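Top line first, the protein sequences correspond to chains A and B. For the first sequence, numbering that gives the first Met the number 0 begins at 0 and goes up steadily by one. For the second sequence, numbering that gives the first Met the number 0 begins at 0 and goes up steadily by one.
It is possible that part of the hints are untrue.
Copies of one chain are not kept apart here, so a pair can be met inside one copy or by any two copies together.
Unchecked claim - The calculated EDC-like cross-link candidates involving lysine to aspartate or glutamate, where the alpha carbons are at most 16 Å apart (straight line), are:
(1) K648 with E546
(2) K525 with D581
(3) K522 with D499
(4) K522 with E548
Hints were generated in silico from the structure; no laboratory data involved. Computed from a predicted structure; not experimentally measured.
2 protein chains.
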Amino acid sequence: MQTLAKSKSQPSFLDAITGPSEVKKLKPAQLVELAREIRQEIIFNLNKTGGHLASNLGVVEITLALHHVFETPKDCILWDVGHQAYIHKMLTGRRNQFATLRQYQGLSGFISPTESEHDAFVAGHSSTSVSLAVGMAIAKDHLKEDRKIIALIGDGGLTGGMALEALNHLGHIQKNVLIILNDNDMSISENVGGYSQYMKRIKETYFYKDIKKKIDWIEDKLDMVPLDPKLMNLITSVKQVAKDKLENPGIVFEKLGINYSGPIDGHDVEAVIDALNKVKDLEAPHILHLITRKGKGFTPAEEDSIKYHGVKAHSLEPTLKEKIEAKDPDSNTNKGLTYSHVFTDALLDCAELEPNMVAITPATAEGSGLVKFGKAYPERFFDVAICEQHAVTMAAGMAKMGLKPVVSIYSTFLQRAMDQVIHDVAIMNLPVIFGIDRGGLVEDGETHQGQFDLAFLRSIPNFTVLAPKDATELRQMVYSALRNLSGPVAIRFPREKAEDNYLTDGVACDFKEFDYKTWEIIKSGKSNKVILACGAMLAPALEAARELESKIEGGVSVVNARSIKPLDIKMLESFVSEHGQDLHLITVEEGTSSGGFGSAVLEWASELNNSNQRPRVSVMGLPDRFIQHGDRNLLLQEVGLTAKSIIEKISPA
Amino acid sequence: MQTLAKSKSQPSFLDAITGPSEVKKLKPAQLVELAREIRQEIIFNLNKTGGHLASNLGVVEITLALHHVFETPKDCILWDVGHQAYIHKMLTGRRNQFATLRQYQGLSGFISPTESEHDAFVAGHSSTSVSLAVGMAIAKDHLKEDRKIIALIGDGGLTGGMALEALNHLGHIQKNVLIILNDNDMSISENVGGYSQYMKRIKETYFYKDIKKKIDWIEDKLDMVPLDPKLMNLITSVKQVAKDKLENPGIVFEKLGINYSGPIDGHDVEAVIDALNKVKDLEAPHILHLITRKGKGFTPAEEDSIKYHGVKAHSLEPTLKEKIEAKDPDSNTNKGLTYSHVFTDALLDCAELEPNMVAITPATAEGSGLVKFGKAYPERFFDVAICEQHAVTMAAGMAKMGLKPVVSIYSTFLQRAMDQVIHDVAIMNLPVIFGIDRGGLVEDGETHQGQFDLAFLRSIPNFTVLAPKDATELRQMVYSALRNLSGPVAIRFPREKAEDNYLTDGVACDFKEFDYKTWEIIKSGKSNKVILACGAMLAPALEAARELESKIEGGVSVVNARSIKPLDIKMLESFVSEHGQDLHLITVEEGTSSGGFGSAVLEWASELNNSNQRPRVSVMGLPDRFIQHGDRNLLLQEVGLTAKSIIEKISPA
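Work out the full structure, taking the sequences as your base and the hints as a guide.
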């Protein structure tokens with residue numbers, strides 16, 4: 000079963016599956032065999048392409064059971080997060096596209112209605128499925144359609160506030176929604192708080208202890224009285240009913256008005272089918288609680304599902320164990336350091352100097368590299384689960400009391416906490432530092448692109464928004480922001496390797512406080528052309544400038560515009576003094592050009608009083624559309640954020 | 000007690016309160032008298048100034064008890080939403096400023112740390128207090144400070160996802176936080192779903208029915224057996240313990256790891272003090288459940304706390320009952336219609352034509368006028384409680400299934416759902432209509448200003464962003480957007496009276512579909528000056544143009560730039576053809592000028608190939624700072640969005 004070699008000689012149930020209706024025809028024993036084949040194929044494929052391994056291995060039987068009992072696309076399955084839908088994709092006509100998984104113009108790594116009518120809705124972020132299901136259930140009732148709406152959500156997804164909002168509302172309106180709780184006791188990171196926690200801790204709660212004490216007390220009393228066995232049975236029955244109910248993991252859901260059944264072994268395909276058949280015709284909302292194991296069927300992934308959450312291509316060869324490469328950016332086998340790694344290392348080194356610095360992550364400790372910080376400073380590390388809103392406002396509370404909180408968050412997930420950023424951090428101008436990871440384009444695709452952070456954050460009063468040019472600058476920005484307590488600072492960096500130019504023989508350079516609100520001229524040209532490049536765009540800007548050396552007399556200037564907000568007005572004015580209205584500024588940012596850094600420069604220029612000083616500004620950034628998945632460099636080519644595009648902008652052929 | 004006349008002859012406990020420490024000295028009977036005096040003063044003051052009446056009358060005793068037991072500012076009281084802190088303000092040195100309540104440069108209607116060190120944190124939006132409390136509790140432990148952190152949150156606030164995220168996390172990390180649950184079974188609108196709902200419906204749940212059935216069954220059995228009375232007592236005791244626990248309203252909290260006590264009458268000041276004293280030294284997180292009545296002590300407000308949620312000045316004179324004016328925009332006594340009213344009327348009229356149109360509100364049915372829609376179409380109206388995230392994603396699910404959902408939401412609260420707008424609505428380009436109320440400046444102040452919606456929404460691909468010039472245009476936009484199912488449309492309007500120019504003898508004009516993506520020349524001038532005004536800014540723009548008639552030869556053109564996104568490129572190009580680079584466009588919007596409509600025009604201009612065509616663009620919008628409370632017109636003056644400012648911009652003196 001652990002072999003990665005695909006044996007074509009065996010009779011294959013998978014080969015016979017041309018669509019989900021074929022799954023219905025199979026008997027339980029055949030489904031078990033099909034599950035085995037699917038696991039083998041998933042491991043085989045992911046070893047080639049990379050992808051979300053553990054979560055998909057965890058839902059093989061659930062997916063088979065869902066397609067055995069329900070009928071997509073008439074029935075709608077809403078895959079929360081949507082990265083666990085590989086098996087669903089295989090069963091709905093996309094098996095032969097798996098070689099292109101997560102690749103540019105290939106099969107998406109997430110659920111995607113543009114790929115198939117069997118994908119009821121897009122997903123990528125967590126905790127949306129219950130809200131979608133409520134909306135769809137209302138719609139089908141209104142339209143008098145006969146469909147079943149099913150939300151499949153993990154215990155991690157249930158920690159997200161919007162899932163809890165939706166559960167509450169569902170309990171109130173009693174719409175026909177079936178929620179499959181895929182409880183693997185593990186979100187992306189280890190789970191924190193919430194319903195999952197509650198399930199695990201049920202026997203430790205004050206509540207349980209309290210009732211148990213009272214039941215014990217009554218039992219003692221009963222021991223003192225001579226009892227008719229018939230009566231004893233009845234009393235035992237009363238106790239048992241109460242005890243069962245109190246230990247029932249579904250009590251919270253039932254209290255909120257949602258019926259509950261389970262827990263059931265989510266890898267017993269027959270049991271899952273039976274359970275689904277029992278609840279499928281219910282009119283009231285229902286939660287079916289399944290227990291699964293991430294990585295089921297691939298031993299290394301079962302043992303370390305965090306490491307195998309996402310795997311890289313060619314990392315699973317069992318004969319080459321040392322080649323196994325995990326997503327963890329700390330992994331020694333990774334060549335070069337990621338910005339995430341550099342950020343975490345900076346925090347670790349600052350932690351010694353700043354005893355009141357604490358770090359917060361909303362369930363992205365591994366992806367952001369912050370696990371290392373958590374190990375070193377467990378008392379100063381807070382993984383709050385998939386709770387971006389809570390993470391930001393909690394940080395605001397901390398800052399108000401004198402701590403120096405650093406929130407590590409992906410650009411795309413920061414969107415979940417925009418109100419908290421405005422209402423709880425910015426209004427009071429609190430010194431919260433945001434380490435914004437995955438700023439710009441990422442391989443995961445449209446749901447995960449970090450395209451709005453610069454435009455949104457620069458609109459918010461009191462904010463400083465930074466993008467470092469390299470590893471050393473990121474490190475010094477973290478340090479300087481921690482030293483400077485004048486308000487919120489966002490430091491934004493890409494999902495990319497950083498030059499480890501801050502290390503000398505593995506030893507980090509000394510911290511040096513600097514004024515990050517100033518820009519830096521990296522290359523000084525004599526012509527009227529000045530490229531203002533943010534963060535990772537500095538490299539293609541420099542490359543463009545070098546190539547333009549021969550074409551443009553005097554050469555092009557290149558500025559490290561590390562502060563998106565505020566702008567370095569002094570430097571801008573010095574260019575204006577030098578070139579007057581001949582000045583041509585070219586802004587380059589890996590963020591939307593609708594309202595981003597380039598617009599900030601345009602706004603500044605529009606305010607210049609003397610019309611003879613108003614420079615020309617050309618804005619280069621992400622286009623006004625969502626951007627697909629694939630290798631970041633291919634995506635940068637697609638959107639025209641390369642040296643070549645910069646050259647064309649400055650000196651059209 | 001119902002008299003509004005303030006009798007100064009009576010001995011006044013209130014007069015003796017110079018600070019919160021004075022409250023500590025009073026005995027229970029004296030606190031009862033003080034509560035009476037406070038109610039009288041609150042009613043007296045609010046009759047003069049307007050403000051949040053019912054919620055403040057509901058927390059008189061709680062506030063007294065809190066200051067009796069705790070010691071601010073050492074202990075931190077976090078007032079969720081913060082509009083119920085008037086009594087707290089009175090007791091902490093701000094009593095003599097109440098004549099200026101909610102007025103420009105006067106006392107804020109919300110909690111405000113800039114006013115007093117006794118205000119631990121800013122608030123205005125709901126559901127933030129538990130997250131803040133968790134952050135502060137972590138901070139005080141880290142800093143080894145001896146403080147108590149208290150979050151006072153309503154049952155409505157607990158429906159918000161971020162409060163649920165915070166509760167989960169608190170249960171997990173077991174920090175010393177006291178949550179006072181002020182349960183008045185009423186958020187701004189009537190409560191929906193959630194913990195509140197659960198408390199009310201506890202006896203109706205499946206869970207309870209189930210256990211009750213079993214207990215009844217056992218009782219039947221017991222009736223058939225002759226029993227020793229001693230044994231019967233024991234059995235009764237077992238049943239009682241189980242039943243008590245099952246009926247315990249705190250079971251959900253306790254399951255999440257947070258201890259619970261209550262419910263207690265929140266208007267019995269002595270009982271509340273006792274309850275606080277019992278829990279104040281606990282180390283573990285605790286919820287104290289208090290039952291209160293909004294409007295307590297003012298009969299009309301007790302009877303209709305929604306109507307008296309906010310009251311206008313001079314509306315409470317009991318001798319002039321017919322003068323009582325509520326916040327409800329439908330009220331007949333309001334002179335002129337609000338945009339909210341016009342929007343709701345348009346929805347009502349469209350509902351007949353569009354059977355698949357549904358309306359959604361996150362607990363702002365009264366403020367937005369949508370109550371009327373809910374009454375007319377209860378099956379097509381969804382008040383989801385304070386759950387902006389769920390509201391938006393639920394709408395996305397509905398739209399995917401073929402409904403035409405309209406989300407009515409305040410600009411400031413839309414910030415809570417930016418990720419859902421992007422991830423669930425925009426990526427799939429779903430036809431969800433957003434009726435964005437309170438766009439622009441509002442009297443409530445910095446937490447409530449609608450200043451970011453235009454900048455944020457126009458950055459999001461697939462969005463159409465509109466601002467109508469008047470009532471008729473709003474009405475036709477709603478209709479046209481419902482007819483046109485090509486993607487998400489945001490229609491944004493101010494908290495302001497609209498001209499009822501769509502009514503003839505009370506009868507609304509016919510619906511007429513129009514291309515809202517085009518602009519409209521309202522006033523055609525011959526000079527190079529063209530004002531592009533959005534929404535409510537059209538009026539001052541026209542006024543400015545009229546006054547400039549004599550100053551600027553040929554006169555200034557004024558355009559109704561009703562589509563913020565997309566821009567009307569055709570019209571812009573026609574101005575360019577006419578005036579070339581002499582063209583001077585002046586954009587005016589009631590939104591941030593960092594990335595807003597003006598920046599969109601700048602971006603367009605920067606793309607013009609021919610440098611001889613690039614017009615000058617001057618941007619007028621909200622400044623890059625938070626804006627205080629007060630009358631909208633005063634605020635518009637402060638920020639320079641008036642005819643006078645436009646004149647100065649175009650033709651500096």
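The hints, checked one at a time:
no., hint, verdict
1, K648 with E546, "within (13 Å within a copy, 43 Å between copies)"
2, K525 with D581, "within (12 Å within a copy, 30 Å between copies)"
3, K522 with D499, "neither (21 Å within a copy, 60 Å between copies)"
4, K522 with E548, "within (11 Å within a copy, 50 Å between copies)"
In this structure, only the earlier hint numbered 3 is contradicted, and the remaining ones agree with it.
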